[in-house]
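Chains as they are written, first to last, in the working numbering: chain A, 141 to 594; chain B, 141 to 594; chain C, 141 to 594; chain D, 141 to 594.
Think of the hints as simulated: they come from the structure by calculation, not from any bench.
Here the structure is a predicted model, which is why all the values come from computation and not from measurement.
One should not assume that every hint holds.
[As the list claims (entries may be wrong)] Take a look, some chain D residues computed to stay more than 12 Å from chain B by CB distance:
(1) M141
(2) I327
(3) D331
(4) G441
(5) E521
[As the list claims (entries may be wrong)] Calculated lysine-lysine pairs in the DSS-like style (CA-CA distance at most 27 Å, straight line):
(6) D:K326 with C:K144
(7) D:K181 with B:K181
(8) B:K499 with C:K442
(9) D:K420 with C:K181
(10) C:K456 with A:K181
(11) B:K240 with B:K326
(12) D:K456 with D:K442
(13) C:K147 with C:K188
(14) D:K303 with C:K456
(15) D:K396 with B:K188
(16) A:K188 with A:K326
(17) B:K442 with B:K396
(18) A:K188 with C:K456
(19) B:K181 with D:K442
(20) B:K499 with A:K147
(21) C:K525 with C:K593
(22) C:K456 with C:K420
(23) C:K144 with D:K181
(24) C:K144 with D:K396
(25) C:K456 with B:K456
(26) C:K303 with C:K326
(27) C:K147 with A:K181
(28) D:K349 with D:K520
(29) B:K396 with D:K181
(30) A:K147 with B:K144
(31) A:K181 with C:K188
(32) C:K240 with D:K144
(33) B:K186 with D:K442
(34) D:K456 with D:K420
(35) D:K144 with C:K456
(36) C:K144 with C:K240
(37) B:K456 with D:K349
(38) A:K144 with B:K181
(39) B:K186 with D:K420
(40) D:K349 with D:K396
C-beta atoms are modelled at their ideal positions from N, C-alpha and C, and glycine is treated no differently.
4 protein chains.
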Amino acid sequence: MIFKRIKSEGLAQNSYFICSEDEAVVIDPRRDCEVYIDLAKREEVKIKYIFETHRNEDYVIGSIELSNLTRAEIFHGPGLNWGYGTILHNGNVSHIGNLKLTALHTPGHTGESMSYVLAESEEPVLVFTGDALFVGDVGRIDIYGPEEAPRLAGVLYDSIFNKILTLGDGVILCPAHGAGSVCGGKISARDESTIGIERAQNPVLQLSKEDFIEHKVSEHHERPPYFRQMEKYNLEGPPLLGRLPIPPPLTPEMFKEEMERGAVVVDARTPPAFGGAHIKGSYSIWLEGLPAYAGWVLTYGKTILLVLECRDHLDKAVRYLVRLGYDNIVGYLRGGIEAWYDSGFRIEYMGLSSVHNLKQRLDSGEDVLVLDVRDENEWKEGHIKGALHIYAGQLESRLREIPRDRSITIVCNVGHRASLAASILLRAGYPNVCCDVLGSMTAWRVSNFPMTKE
Amino acid sequence: MIFKRIKSEGLAQNSYFICSEDEAVVIDPRRDCEVYIDLAKREEVKIKYIFETHRNEDYVIGSIELSNLTRAEIFHGPGLNWGYGTILHNGNVSHIGNLKLTALHTPGHTGESMSYVLAESEEPVLVFTGDALFVGDVGRIDIYGPEEAPRLAGVLYDSIFNKILTLGDGVILCPAHGAGSVCGGKISARDESTIGIERAQNPVLQLSKEDFIEHKVSEHHERPPYFRQMEKYNLEGPPLLGRLPIPPPLTPEMFKEEMERGAVVVDARTPPAFGGAHIKGSYSIWLEGLPAYAGWVLTYGKTILLVLECRDHLDKAVRYLVRLGYDNIVGYLRGGIEAWYDSGFRIEYMGLSSVHNLKQRLDSGEDVLVLDVRDENEWKEGHIKGALHIYAGQLESRLREIPRDRSITIVCNVGHRASLAASILLRAGYPNVCCDVLGSMTAWRVSNFPMTKE
Amino acid sequence: MIFKRIKSEGLAQNSYFICSEDEAVVIDPRRDCEVYIDLAKREEVKIKYIFETHRNEDYVIGSIELSNLTRAEIFHGPGLNWGYGTILHNGNVSHIGNLKLTALHTPGHTGESMSYVLAESEEPVLVFTGDALFVGDVGRIDIYGPEEAPRLAGVLYDSIFNKILTLGDGVILCPAHGAGSVCGGKISARDESTIGIERAQNPVLQLSKEDFIEHKVSEHHERPPYFRQMEKYNLEGPPLLGRLPIPPPLTPEMFKEEMERGAVVVDARTPPAFGGAHIKGSYSIWLEGLPAYAGWVLTYGKTILLVLECRDHLDKAVRYLVRLGYDNIVGYLRGGIEAWYDSGFRIEYMGLSSVHNLKQRLDSGEDVLVLDVRDENEWKEGHIKGALHIYAGQLESRLREIPRDRSITIVCNVGHRASLAASILLRAGYPNVCCDVLGSMTAWRVSNFPMTKE
Amino acid sequence: MIFKRIKSEGLAQNSYFICSEDEAVVIDPRRDCEVYIDLAKREEVKIKYIFETHRNEDYVIGSIELSNLTRAEIFHGPGLNWGYGTILHNGNVSHIGNLKLTALHTPGHTGESMSYVLAESEEPVLVFTGDALFVGDVGRIDIYGPEEAPRLAGVLYDSIFNKILTLGDGVILCPAHGAGSVCGGKISARDESTIGIERAQNPVLQLSKEDFIEHKVSEHHERPPYFRQMEKYNLEGPPLLGRLPIPPPLTPEMFKEEMERGAVVVDARTPPAFGGAHIKGSYSIWLEGLPAYAGWVLTYGKTILLVLECRDHLDKAVRYLVRLGYDNIVGYLRGGIEAWYDSGFRIEYMGLSSVHNLKQRLDSGEDVLVLDVRDENEWKEGHIKGALHIYAGQLESRLREIPRDRSITIVCNVGHRASLAASILLRAGYPNVCCDVLGSMTAWRVSNFPMTKE
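Based on the provided sequences and hints, a complete structural model is requested.
In structure tokens:
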């Protein structure tokens, strides 16, 4: 048996490749699926089955893509009107080489959520828990809306305590997400865990059922608009890629033409570089932030243009967007921002600031509107007194809450989302005074500057 | 925390790279250690510590090599007069980023054997057990000789049951070897396990202490002569490589000159190819067999020449030999065996046979000496009636037991070691009639041909 | 400007990638065309044009494949009823960045053959001569049959002397083939040349027009049957691949089933390995011989199975076959020939011999039929007295010339084609006595054994 | 014969690897020489000889490094008191496989400058001209100072016209540098050329001997201070690396400590990113500018710290510095500039401007000191009226010419060297008002803004 965890950075999504003898199975494949084909080639196996743990909301599932290349059979959980694949039920057993995979219906995160238990003999060795149980946390229960949340929390509790934990302490845990995922709040940065470790250390599992439900219902999770598209895609089956798109390099002139035809510009450079010079109208989303933030501001109807730090980032940027279903990338700026200004095209700046400067301005009584764009959980743990709180993802739809006549300084955790927020304000025509505070609340806290809580 | 298992194929040796924040530790590094340097570069960490679980017998430990390139500090267990590094004692704690590594003295395989327990908070997550506990088996206790074996078996039992199993079922097991290692008999082909899985499924752990001792003492393990060199190297510190040797390509003429100067030829091709044509005097050791079998026939004083299936095999062959301390590889045959015979140089053949042919000859009453070169454990599980049993590794020193006047047909498990054995007989001047049975006892068994047990 | 020669080994076919500013052109792309896509990505250019020098006979042109992925425009020469692309005429100019490519109609090898002259300013720098002018040789003129040959030879002479050589001695030569191609007899092993070097050193260019024509007409070239399929494909447009096929690994059982369904087995191992053990009915075509010899024995209607030396050869074998249009590869033997005989399946041998042994047998007066399967040119330069000459490619259709009652020993240049020939005889049921002489006429000549000429 | 041009980007240095049969030669190897080892491995050859065309000034020659790993013999030209290798004289012939390399003494650039002519038969095919003849230009003759320049120019003319051009138009040209090298002014961006093309198109070769000398003597070339160290190294033999240094990742705290111990910080990010935020005291040298500009400001006694755009740039930055002999790189900032400001450490900005903004300020009569840091040749082709001209490389030693009380705006060709210049002023304590004009004179020219000539 060979076992590989394939991490999709940014999404913090885990898929799994397991093989035995001449057969392999993939759990929750991503859409850019050549990684599984390559593993299968290396191990000289045939991918026989694809198992989905649930209809994912945060990315396009790659089952159909992979099945198209390998003819592997696709399986998922019961209760949905799937447009592809075969439904499994609790207790169904599949065989891969000398391995046995048993389906475990573990609803809670969603109704059709499945876990899969892998064994060589009778004793289970690994369990793939999808979004039911993570390392250090459990899945969200807010997907069906607040009315359903308490019921789902209870269902999730039962799935975890009655079906997963009972597999035994020695079973190795293989969840669908790691730290940084939008599908969990406090997932551990460590990937290695077991039922025993979670039973002992996972803080949520230390609660009574009542407390568990209350805790889960009171949690706040953001829900980016692109989730709707993902749910539709993953239920019906997303469009086939065949291969990753290769956006062409565009000269500044060609780039400008595409802008004029309506393409939206995503600048994936770092905030200091974006601040230093960018194309008017660009969204600032740092490369590793694309999986989590592109889905808040990009719409599926528009074509996309990329500005990158360096050519080597193209492949990553494309993967990140394609995983969210943004296939329509019409090109990237050849030679980067330098090519733009070398051609005499106009550039725009974004104000950059430091925590020391912000502190000084606040202390001096200057009129500064501090806009804090972190999420609700971060905000609640402490913020600058007098700051206005709007989550970066929601900023575009709440612009009317932001005055146009004040000097705006934006903070987030380290300055990345503040840069996105600043780019949104710049696009909306706010005068060129909105500052991204580099280091933001992280540097603020390290500097021991004062914070308040609601 | 990032955790990587690095498998050295052939040796079936596991080393581990773990990092947290900006620091990393390597457990039991191999000698061709650029793999750890590359991981450290990729994760942007500094290798701070190197931990050895024990003085290995089966390969040259890479601690000094790696330390030379990284200045990492080396640690190992107590009771030996080490020529390098620092001795740790039971309970000693080291820190890597936010991780805690606790030394656990777990003697039994050897006196100084250590395990290392990794935890983030107080609760252990991973345990590195060296040669104490494997997936599905436990370590050898024959290293100090038969007199010491019973005592060591008891010590090992106590180390496992009192120190390792007590860490808790949920702790993930990270042993020093996987399936195929000469350091364990029945190690599982699966790498993933936990204390809980071993407690429940490891057959040796189901025994009482008495039965455990009896079982271990009765086990038979081979002990290749190169172990002595490894023990010396690993105690005193092996010679520094600096970088992997790059043996030059040699024309047939140059190759022949080196042979005449005393170099020994290792032919790393498959048995059918070796049978089809080879250079007189070559040892036949298939590529993946080098780690386990080179140490039986090669001496450290002589230079080595290689004949390879294809150029791409050179790197692997060199690594395999260097891991056993065979650094003196003076070249390889450019263009392979074809270059040799294209130059008009003479070739030699090895007889090849099939199980069907062997069966027929035996049935017809032909005088055939079947030489079975598998190890004692394999032999005991069933063999061809009337076969002579000498383990391939010991063949060279037991040649006098083999008559020169009979037709010899050699079997092993699949035909690899039979080819080595045949090459030994050919080198020793046995007439060119010794046959390697392709498929050997595996094909014999599948064909339902009759077998006997002692 | 960036210039790359892409060599397709085995076919000895050259394609060229040239880019300037943000645009690129590819000349004579091969069908596995991701190499050009990768270059375009690396250089951040868009492939704008594809130029074909002529309708190739020896491989499937990759223009449509590449155009499908890049939308590049395809151009070729006049006079054929092409199923795709646009016809260029002598003197037509295209621009790529700051480069100028001028079409030069240079018929002779075929009627529509084009050369392309690349210049930055007015002065030419490079010329792409297709199959008109090679390094050290010129193109074949036998493609339209013997009646047309004299006329074509004259046309070729004029194209070379009046259109190509007049470009100037300093122009760098970029032909469509290098040494080893079936499209030229004596192409130099060196790729670098210029008009000046060829004018001075190319032996064919030293002849008068009359001698040139006579020389070309008297040349003998083989014409494998797959040429017809290539001509059809390259005229009409071959089927799209989309991506390289990935033949699945097959267990011996599955492999056998495919054989029983009619698949033909190609064993791409070396002759000694094939001799040592192979599956009954296999063709022996060594890996690097696939481009030149698969087209003689494989038909397009049948599925193909592969036996490989090692897994790493799969990609190469697939490319080699796909370049000839053999897309229907249903799988390869997982674990190689060893898996076959380990499963108890029967194997077959091929006799292997050495030149020393053959010499001895001939000297001793033994009845040996020496079958020489080299091509006519090689045969004419000297052979073993009394040998029967049938070219390996034609053997299958000339079996009736070979007696079934004699001991047959086969020679070629080094033993590769002899192995193919032996496998053909074995397939045809010749008794298991046909020997491949390893080293063949190369070793024979080096050994100073006697040869004769017709 | 296999021929490879190895381009060292940034330096625009060409080295060459040529092999025939089982032997290879390397011409002008660079110091990070594993590229040649890898080629030799791939082609299965032994590097037998290393030829140097001259004692280079602009980089550390890698002969000793490569010879140390391969035992290849080193050769160079006559007249210098070399600390290693063997001197060749005009006409000396060496053999590599079936190739013949003839030494040609072609002084002019320096006294010991050699060319090497490669032939298979009698006729030359390639010529390696070192710094004598480039594509589109010829070598500098100012290395021995202005007194020697006229004499050297004449010598160079004779070497080119009497020794190189006489080889024949068809010979392929292989010079030591391509476009962008500090060793030539107007080398073509195209690498492919021949004697014939140069004879016809190289503008310098169209001059009479008198005009040639006058032209060469009147040329202006910069001469960075590190040239002296290179000349010493390349004469005596530079220190051995063994392998490329691997600078450790440093946390901001560790980085700061090294700064306090005296290390100099090189920030290799782009100007907009450097402008957006950087560490006080850093030199701004964009990644691809390291080979040409590090040698102007870095001294050999000090340790070096790196700030990089992304981790992937480390390898390139290290190579670039090591090629100039800067081996003492003590580390790089882990996590980049973000880690610095996230830790609450203070950052500094550099003013960034656009040509539109500069134009507006100049038009409005604002007091702006425009500092133009391009080289003399660029300056002479046109500049902004009233600008002060000091070449970036010389800025640090001419600071007293720059007033501290004026607003300074810096231009170069595109903004890279302006950023270096601005960082020099910031280091020197100029108030934080010095602006780097992004796009600089390139954008200025494209925008049709007015320029003047001296």
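Comparing the hints with the structure gives:
At roughly 16 Å from the closest C-beta of chain B, the C-beta of M141 (chain D) stays outside 12 Å, upholding its exclusion from the interface. Listed as outside the interface, I327 (chain D) is consistent with that label: its C-beta sits roughly 35 Å from the nearest C-beta of chain B, beyond the 12 Å cut-off. For D331 (chain D), the requirement that its beta carbon stay farther than 12 Å from each beta carbon of chain B is met, with the minimum near 29 Å. At roughly 23 Å, the least C-beta separation between G441 (chain D) and chain B is larger than 12 Å, which holds for a residue marked as non-interface.
With a minimum CB-CB distance of about 44 Å to chain B, E521 (chain D) clears the 12 Å threshold, and the non-interface call stands. A distance of roughly 23 Å separates the Cα atoms of K326 (chain D) and K144 (chain C); the hinted pair therefore holds under the 27 Å criterion. Our distance criterion of 27 Å between C-alpha atoms is met by K181 (chain D) and K181 (chain B), whose separation comes to about 25 Å. Of the pairs offered as hints, the one joining K499 (chain B) and K442 (chain C) is violated, with about 36 Å between alpha carbons and a cut-off of 27 Å exceeded.
The suggested pairing of K420 (chain D) with K181 (chain C) is violated, with an alpha-carbon distance near 37 Å, which exceeds 27 Å. Annotation: proposed proximity of K456 (chain C) to K181 (chain A) holds, straight-line Cα distance about 13 Å (limit 27 Å). For the hint linking K240 (chain B) to K326 (chain B), the alpha-carbon distance of about 32 Å lies beyond 27 Å, and the restraint is violated. For a cut-off of 27 Å, the pair hint linking K456 (chain D) to K442 (chain D) stands: about 20 Å separates their Cα positions.
With a CA separation close to 21 Å, the supplied pair K147 (chain C) and K188 (chain C) stays within the 27 Å bound. A C-alpha spacing of about 46 Å is found between K303 (chain D) and K456 (chain C), which places the hinted pair above 27 Å, so the restraint is violated. Our distance criterion of 27 Å between C-alpha atoms is met by K396 (chain D) and K188 (chain B), whose separation comes to about 20 Å. Between K188 (chain A) and K326 (chain A) the CA atoms are separated by roughly 34 Å; this puts the pair beyond 27 Å, and the hint is violated.
Restraint check: the Cα-Cα separation between K442 (chain B) and K396 (chain B) comes to about 15 Å, which is no more than 27 Å; the hinted pair holds. Restraint check for K188 (chain A) and K456 (chain C): the C-alpha separation of about 25 Å stays at or below 27 Å, so the hint holds. Under the criterion of a C-alpha separation no larger than 27 Å, the hint pairing K181 (chain B) with K442 (chain D) is consistent with the structure, at around 24 Å. For the proposed pair K499 (chain B) and K147 (chain A), the alpha carbon gap of about 52 Å is over 27 Å, so the pair is violated.
For a cut-off of 27 Å, the pair hint linking K525 (chain C) to K593 (chain C) stands: about 8 Å separates their Cα positions. A hinted pair counts as satisfied when its Cα atoms are at most 27 Å apart, and K456 (chain C) with K420 (chain C) qualifies at roughly 24 Å. In summary, the hint linking K144 (chain C) to K181 (chain D) is supported, as the alpha carbons are separated by about 22 Å, within the 27 Å threshold. A hinted pair counts as satisfied when its Cα atoms are at most 27 Å apart, and K144 (chain C) with K396 (chain D) does not qualify at roughly 46 Å.
The hinted pair formed by K456 (chain C) and K456 (chain B) meets the criterion: a straight-line CA distance of about 20 Å does not exceed 27 Å. Between K303 (chain C) and K326 (chain C), the direct Cα distance comes to roughly 22 Å. Compliance with the 27 Å bound is thereby established for this hinted pair. Proximity of K147 (chain C) to K181 (chain A) is assessed by CA-CA distance (about 25 Å); at most 27 Å being required, the pair is judged to hold. A distance of roughly 25 Å separates the Cα atoms of K349 (chain D) and K520 (chain D); the hinted pair therefore holds under the 27 Å criterion.
A threshold of 27 Å between alpha carbons decides the hint, and for K396 (chain B) with K181 (chain D) the separation of about 21 Å falls inside it, so the pair holds. At roughly 13 Å between alpha-carbon atoms, K147 (chain A) and K144 (chain B) fall within 27 Å of each other, so this suggested pair holds. Between the alpha carbons of K181 (chain A) and K188 (chain C) the distance comes to roughly 33 Å, so the proposed pair goes past 27 Å and is violated. The straight-line distance between the Cα atoms of K240 (chain C) and K144 (chain D) is roughly 26 Å, inside the 27 Å bound, and the hint therefore holds.
Note on K186 (chain B) and K442 (chain D): the hinted pairing holds, with a Cα-Cα distance of about 23 Å set against a maximum of 27 Å. For the proposed pair K456 (chain D) and K420 (chain D), the alpha carbon gap of about 24 Å is at most 27 Å, so the pair holds. Straight-line distance between C-alpha atoms of K144 (chain D) and K456 (chain C) comes to about 23 Å, which keeps the hinted pair within the 27 Å bound. At most 27 Å may separate the alpha-carbon atoms for a hinted pair to count; K144 (chain C) and K240 (chain C) meet this at roughly 17 Å.
Of the pairs offered as hints, the one joining K456 (chain B) and K349 (chain D) is violated, with about 59 Å between alpha carbons and a cut-off of 27 Å exceeded. For a cut-off of 27 Å, the pair hint linking K144 (chain A) to K181 (chain B) stands: about 22 Å separates their Cα positions. Between the alpha carbons of K186 (chain B) and K420 (chain D) the distance comes to roughly 26 Å, so the proposed pair stays at or under 27 Å and holds. Our distance criterion of 27 Å between C-alpha atoms is broken by K349 (chain D) and K396 (chain D), whose separation comes to about 57 Å.
Comparing the model with each earlier hint shows violations of hints 8, 9, 11, 14, 16, 20, 24, 31, 37, 40; every other hint is respected.
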